[in-house]
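A.B. asks: So the chains spell out like this:
Number of protein chains: 4
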Amino acid sequence: MSHELLKTYPVVIELPVAWGEMDALRHVNNIVYFRYFESARMAYFTRLRIWNYMNETGIGPILASTGCKFKLPLVYPDTVSVGTRISEIEADRFVMKYVVVSHQHAKVAAEGEGLVVSYDYRALRKAPLPDEIKTRIEALEKSVESGTPDGG
Amino acid sequence: MSHELLKTYPVVIELPVAWGEMDALRHVNNIVYFRYFESARMAYFTRLRIWNYMNETGIGPILASTGCKFKLPLVYPDTVSVGTRISEIEADRFVMKYVVVSHQHAKVAAEGEGLVVSYDYRALRKAPLPDEIKTRIEALEKSVESGTPDGG
Amino acid sequence: MSHELLKTYPVVIELPVAWGEMDALRHVNNIVYFRYFESARMAYFTRLRIWNYMNETGIGPILASTGCKFKLPLVYPDTVSVGTRISEIEADRFVMKYVVVSHQHAKVAAEGEGLVVSYDYRALRKAPLPDEIKTRIEALEKSVESGTPDGG
Amino acid sequence: MSHELLKTYPVVIELPVAWGEMDALRHVNNIVYFRYFESARMAYFTRLRIWNYMNETGIGPILASTGCKFKLPLVYPDTVSVGTRISEIEADRFVMKYVVVSHQHAKVAAEGEGLVVSYDYRALRKAPLPDEIKTRIEALEKSVESGTPDGG
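Residue numbers (this note's numbering), protein chains in the order written: chain A, 842 to 993; chain B, 842 to 993; chain C, 842 to 993; chain D, 842 to 993.
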């Protein structure tokens, strides 16, 4: 789904809504949206080749906090597109934004964000965000801007 | 994925493997295969228009038992195709067969089955499988056989 | 577990950590915390007899947003106590606070909150929070304060 | 819960039914029963100190197949007791039996079984079940029999 609602997100994944993810209120259960966010985050990290970097250096991402605003209940059958972008980069952390778009409704079903901290898994403490990762994030984010008419 | 391994299954769905569905052994957790089966079952039921029938008559399917044989561990990233067919029809029940095929390996990751009983949700007791549903099942199953070279 | 960390929470539930809820990083997966919050929320709603009220009037709670700060990774085997309280009541909504305490560590593993909106499920729109529910919330919250030395 | 229905099971765990584990049919979703079985299996393995053995030798259990018969739908709120026993031991495998008892109904909600194969995680192939583990299983199973009148 290539949609106006997703055009500022450099990484977009598509996921089918599973019948069994609806709860007794007959809507997709609230925890499933965080699974959507996680899958989108992992797709973004793959684009950054962050796991290779982590295997070599021991420095990788850790989710410090996350949140979701529910806009529209999701119901089976449907497919969602989940867009992700990184909106703020600081010395040892960045903020990811998520949007969940329902194909049935062509509307935003939920918006979320996550704070990801750079962590040294060998030293067991926070670590500065490596320059290499920061550069890759900036390049990936720029790919979206340059795709818009007034990009550049 | 149109694969030899799936050709006897009239209903096939594709599902992405989610990173968060792996457990501490770094394989897709065993309960996730039953979610795959459920999603495949629901896709098959949709093809039978079983929910409309249930809304009109109160007679619908209930899962009486299910099982799975694990053949190959699944790991993120991967996509699975899940095929479903109905192998035995009796007066008040039928047996569904499931197969999970890993795209990464082009191999069967798991095989399963489910016993589905026809249930009168208004009278709260087992009910004969309606002829109409039985006819639809037979037509759907035949669609696969006739698709094979020596079909019919 | 009757713990200092939980004493300001009028509703506390205990939940075992399931092995299968750990992910490939060998910590309890982030979405599980939102299941903990949900279970705590339902326990609180039960104490308010909110479901009876909803059946009679059609007015009930809807989760508008939720978030979690992760403080300490959880690992199987462990048991968590999840405390809930309502911190702010407005005309048509209230804010719930959650705390997850690990028994292994006797420390806070996570803190969260949820914004719950009063919804008329018959008219399909927001509704004022019924006085009766507001009174029950205040009584339940007061039960904790009066348990403290300077309570009341 | 110390119940007649559980008395032949040497390992019994108690788990609360979570509201969010009910699906759109307002019963606990079928995949949750396999989570119950898994939690029971892990509790049994802990009693066998199987993980220590695995860390030392590389030989551990792997789930080859599992199945469940659903007897009674579970509904929130409820608590289940899940009993586990090992019913058959062969050279390189054993069969576990599970029973799920609803406290609300004091009845069996489901019965299941799992085939567990002994696996050499270093050599990546099946391995004979170590005598030490076999002896521990027999001792644990005997603990139940000796609790019955004609035990011994």
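Be a bit skeptical, because a hint or two may be false.
Identical copies go unnamed one by one, so any copy, or any two together, can satisfy a pair.
[As the list claims (entries may be wrong)] Dumping the calculated PhoX-like pairs for lysine-lysine here, alpha-carbon to alpha-carbon at most 25 Å:
{"id": "1", "residue 1": "975", "residue 2": "948"}
{"id": "2", "residue 1": "967", "residue 2": "912"}
{"id": "3", "residue 1": "967", "residue 2": "948"}
{"id": "4", "residue 1": "910", "residue 2": "975"}
{"id": "5", "residue 1": "967", "residue 2": "848"}
{"id": "6", "residue 1": "983", "residue 2": "912"}
Hint data in this document are derived by calculation from the structure and do not stem from the laboratory.
A.B. asks: Which holds for residue 967 with residue 948 at a C-alpha limit of 25 Å: within a copy, between copies, both or neither?
C.D. replies: Between copies only: 20 Å across, 38 Å inside.
A.B. asks: At most 25 Å between CA atoms: does that hold for residue 967 and residue 848 within a copy, between copies, both, or neither?
C.D. replies: Cα proximity of residue 967 and residue 848: none, with 33 Å in one copy and 31 Å across.
A.B. asks: Pop the pair residue 975 and residue 948 into one bin, within, between, both or neither, using alpha-carbon distances up to 25 Å.
C.D. replies: neither (32 Å within a copy, 34 Å between copies)
A.B. asks: If the cutoff is 25 Å on CA atoms, where do residue 967 and residue 912 land: within, between, both or neither? Let me know, please.
C.D. replies: Cα proximity of residue 967 and residue 912: across copies only (13 Å, versus 34 Å in one copy).
A.B. asks: Could you figure out if residue 910 and residue 975 sit no more than 25 Å apart (CA to CA) within one copy, between two copies, both or neither?
C.D. replies: between (28 Å within a copy, 24 Å between copies)
A.B. asks: Are the CA atoms of residue 983 and residue 912 at most 25 Å apart within a copy, between copies, both, or neither?
C.D. replies: Neither way: residue 983 and residue 912 sit 28 Å apart in one copy and 33 Å across, limit 25 Å.
Taken one by one, the earlier hints fail for this structure at numbers 1, 5 and 6, listed in ascending order.
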